[in-house]
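2 protein chains.
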Amino acid sequence: MTQALLTDLIACLGAPHVLTGADRAPYLTDWTGAYVADPLAVVRPGSTAEVAEVLRLAAQRGVAVVPAAGRTGLVGGLMTRGGLMVSVERLNRIRDIRPEARVAVVEAGVILSRLHEAAAALDLYFPLWFGARGSAMVGGALSTNAGGSNVLRYGSTRSLCLGLEVVLADGRVLNLMNALHKDNSGYALKDMFIGAEGTLGIITAAVMKLVPAPRAHATATLAVRSLPEALVLLNRLQQATGGLVEAFEYMPASYMRRLSEARPDIGEPFTPRPDVTILVELGATATRDTTPLPDGSLPLTDLLETTLSDLMEDGLVLDAQIARNESQRAAMWQRRELAAEITFARRPFIDTDVAVPLDAVAPLMEGFEARLQAFEPAAEMMAVAHLGDGNVHLTVFPPTADPEQADRIVEMLEEEVQRLGGTFSAEHGVGLSKRNSMRRRKDPVALAVMAQIKQALDPDNRMNPGKVLP
Amino acid sequence: MTQALLTDLIACLGAPHVLTGADRAPYLTDWTGAYVADPLAVVRPGSTAEVAEVLRLAAQRGVAVVPAAGRTGLVGGLMTRGGLMVSVERLNRIRDIRPEARVAVVEAGVILSRLHEAAAALDLYFPLWFGARGSAMVGGALSTNAGGSNVLRYGSTRSLCLGLEVVLADGRVLNLMNALHKDNSGYALKDMFIGAEGTLGIITAAVMKLVPAPRAHATATLAVRSLPEALVLLNRLQQATGGLVEAFEYMPASYMRRLSEARPDIGEPFTPRPDVTILVELGATATRDTTPLPDGSLPLTDLLETTLSDLMEDGLVLDAQIARNESQRAAMWQRRELAAEITFARRPFIDTDVAVPLDAVAPLMEGFEARLQAFEPAAEMMAVAHLGDGNVHLTVFPPTADPEQADRIVEMLEEEVQRLGGTFSAEHGVGLSKRNSMRRRKDPVALAVMAQIKQALDPDNRMNPGKVLP
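Those sequence lines, one after another, are chains A and B.
In this text, residue positions in the first sequence follow the UniProt record's numbering: the first is 1, and each later residue adds one.
In this text, residue positions in the second sequence follow the UniProt record's numbering: the first is 1, and each later residue adds one.
In short, the hints are calculated from the structure, not lab data.
It is possible that some hints are incorrect.
[Claimed, not checked] One side only, chain B facing chain A, incomplete, derived with CB under 7 Å:
no. : residue
1   : E100
2   : L180
3   : D183
4   : A188
5   : G267
6   : S425
7   : G429
8   : R440
Note that this is a predicted model, so its numbers are computed, not measured.
Backbone N, C-alpha and C fix where the C-beta goes; we use that ideal spot for every residue, glycine too.
Taking the hints into account, I'd like the entire structure generated from these sequences.
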């Protein structure tokens with residue numbers, strides 16, 4: 001049966017696009033390296049029609065299907081034993097960019113940074129922005145409803161997507177490809193397939209929102225006394241600028257210490273190391289903010305400087321560095337974007353992705369740290385956060401790799417998060433790694449409704465089986 | 001059987017909240033008056049638990065259920081013959097407002113203007129804003145994913161909702177009540193129930209986003225030569241202000257003429273009547289825009305004046321009136337918000353609610369007007385639009401009431417809209433009135449998937465049957 005499927009797939013896609021045996025090697029792991037997939041084959045369809053044909057063939061043979069895009073996921077979403085891995089990498093056309101309508105019509109295999117470049121060439125901006133943007137693809141970002149550093153201003157992937165094309169389990173093609181900001185024609189199917197991690201179908205194309213390119217940025221690294229003061233600071237900055245804050249990234253001492261250990265070449269911004277380091281970036285499109293002044297300075301940078309100087313007088317900012325050029329700005333961002341590298345370079349680690357309401361971030365950090373220290377004094381904790389979204393990535397480095405202990409630590413964090421009205425899964429997706437949390441923490445009726453939808457659309461449970469739902 | 005159900009309902013809710021016979025009268029029509037419902041009874045549960053019990057009783061007896069909120073809908077969503085109408089009016093508590101987290105936890109029966117007032121008391125703003133806000137309720141706005149005048153800046157109801165509570169067909173309560181800006185814990189159930197118009201369950205409560213209250217508005221009425229020039233004008237205003245445009249409402253000569261006929265007391269802003277009248281409003285939260293200048297004027301108003309004076313020099317604005325106080329601002333808004341009244345006051349009328357990409361609005365208007373004139377020269381057309389969203393409400397006044405001719409006119413409009421990549425249903429919902437359009441224009445695979453979801457969650461088709469799906 002397997003051989004017959006492979007023969008059919010080769011007939012459909014051509015032998016170079018049906019990879020078996022050792023040829024599958026580049027596709028078997030994601031960024032964490034924590035899961036190793038063993039697919040029957042990796043196939044690389046070149047069009048939506050070919051994806052549909054692949055899914056029909058898989059349905060005929062009753063074989064499971066796992067989609068793969070840039071493989072920068074962090075939750076084991078690619079894992080399979082014996083399923084067919086469908087890579088969307090050849091669906092890599094930017095079909096159209098319409099500057100008047102401010103949309104890009106793209107296929108699932110387009111790498112985010114290519115879309116950034118294509119938009120920039122038209123003085124537009126695609127706001128989805130995170131460290132892996134040079135490898136991550138649109139399809140993966142949509143499947144996991146990826147977040148990143150600009151969510152505060154522009155929203156997550158779901159809110160950047162206007163239209164979607166999806167191939168369903170039986171090979172039908174669902175066409176929701178419009179470019180509208182208002183569309184109330186029935187159930188929000190687009191939103192349902194976004195974030196479903198391939199368990200309901202494979203996303204093959206999308207209409208993504210573009211926004212006017214910020215014509216100026218003003219970026220600074222700030223030393224702050226405490227997390228609660230950082231939140232007051234965020235409000236003050238939003239008030240002063242009228243919501244121009246694009247990123248507000250939290251790097252506590254635990255993060256700076258680990259960065260310093262792992263990458264001593266980078267250097268720290270402040271000595272002595274403050275309890276809290278914040279990376280803030282404003283972005284502006286308004287003529288009055290972006291037209292250089294007679295002395296060559298930017299009104300936006302002046303606005304940031306004036307505001308920070310007020311905040312320093314008030315004692316909310318202890319010290320500040322303002323980026324004077326693009327290379328200083330890039331250096332500031334590099335400190336933040338090394339988060340994944342410095343996490344995964346030290347093993348064992350327990351990686352998390354929680355969000356709580358803004359007013360609960362400080363109680364969460366304190367509550368969890370106290371419990372962790374009582375439970376395992378030898379464990380170290382590191383945090384980094386998209387603070388404006390209440391989204392904290394807490395990493396625990398336990399003394400030894402012990403899956404049971406690791407799960408117990410995750411449970412402790414979940415308990416604190418749930419008590420504070422938060423979620424165990426903010427922006428990376430559920431995949432395999434958060435299924436226990438889904439079972440323990442998600443409303444049981446919500447789980448039942450999800451299972452009913454899954455059953456309705458994928459009755460044989462062949463679409464990325466074992467992911468998302470417990 | 002019917003009597004047994006009524007007895008059970010009275011035992012559950014008390015007789016004053018189970019209305020039959022003539023007591024049902026206030027509940028039988030919506031704003032259009034086009035549909036008259038004939039429910040078995042109207043029930044008014046006072047809590048989520050009572051809604052759940054009502055739905056369990058209805059399920060036991062196999063009776064259909066139709067939810068009702070403020071009854072300001074325009075698509076016949078309340079219509080039933082023999083079903084049980086469940087009014088959420090007594091679920092009218094604002095459970096909590098958390099200014100730090102900028103959220104309001106509200107029940108489905110809270111009237112929008114009450115939420116506006118409660119938010120304003122805390123220097124916050126609930127952005128959902130349309131003419132019927134004094135009667136419309138949160139539950140109805142969520143069920144229809146209502147739009148309105150501020151969508152350009154703040155999004156539709158779906159994007160203002162963080163958490164949801166829904167009672168399902170069998171009486172189970174789905175609890176998705178969180179206050180998070182990022183939550184990737186499984187399928188986007190919240191988004192699916194929003195806009196489902198009661199066909200998948202009854203929304204009983206929600207967590208709604210609040211935003212910092214604009215501390216200043218600047219409002220103007222503008223005379224413009226043409227629709228394409230109005231769109232250039234919108235871009236120029238956004239560019240100059242950095243996206244502070246909260247509303248950009250289009251009132252062509254056809255609208256002003258009808259307004260003048262129906263409400264001669266209101267007066268027109270410009271003589272002679274220009275082809276295009278625009279209502280524009282900026283809103284600002286930034287200290288620098290909202291701190292009065294030494295002469296008492298607002299920087300925001302100055303920004304609008306300066307920008308408009310540049311635009312008049314460039315010939316894009318022919319004439320402008322700037323609101324100097326709240327009563328002038330209210331008078332400007334009144335002209336726009338009389339749209340429903342002046343539409344429904346002349347019969348017969350054909351009411352529509354379409355959206356196209358911004359660059360397609362002018363071709364749509366021209367294409368449809370030409371076809372309409374060829375088809376029925378005696379028909380008059382009137383338009384009004386949330387132009388920033390590409391959302392046009394085209395009203396046709398045919399010479400006589402002829403349902404077949406009316407459907408043919410709607411079809412002609414649909415054809416133009418579809419050709420331009422638009423939707424026949426932008427912000428009012430589908431209900432009964434757009435089911436033919438759903439059948440004719442929606443992707444057949446999308447319709448099939450919606451039917452699969454409906455079947456999974458409401459296998460007996462008892463939740464607002466006959467609505468939304470064709």
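Going through the hints against the structure:
1. E100: holds, 4 Å
2. L180: Interface hint status for L180 (chain B): holds (5 Å vs cutoff 7 Å).
3. D183: Given a least distance of 4 Å, the restraint on D183 (chain B) holds.
4. A188: holds, 4 Å
5. G267: Violated: closest Cβ of chain A sits about 31 Å from G267 (chain B), beyond 7 Å.
6. S425: holds, 4 Å
7. G429: Status holds, d = 6 Å.
8. R440: violated, 11 Å
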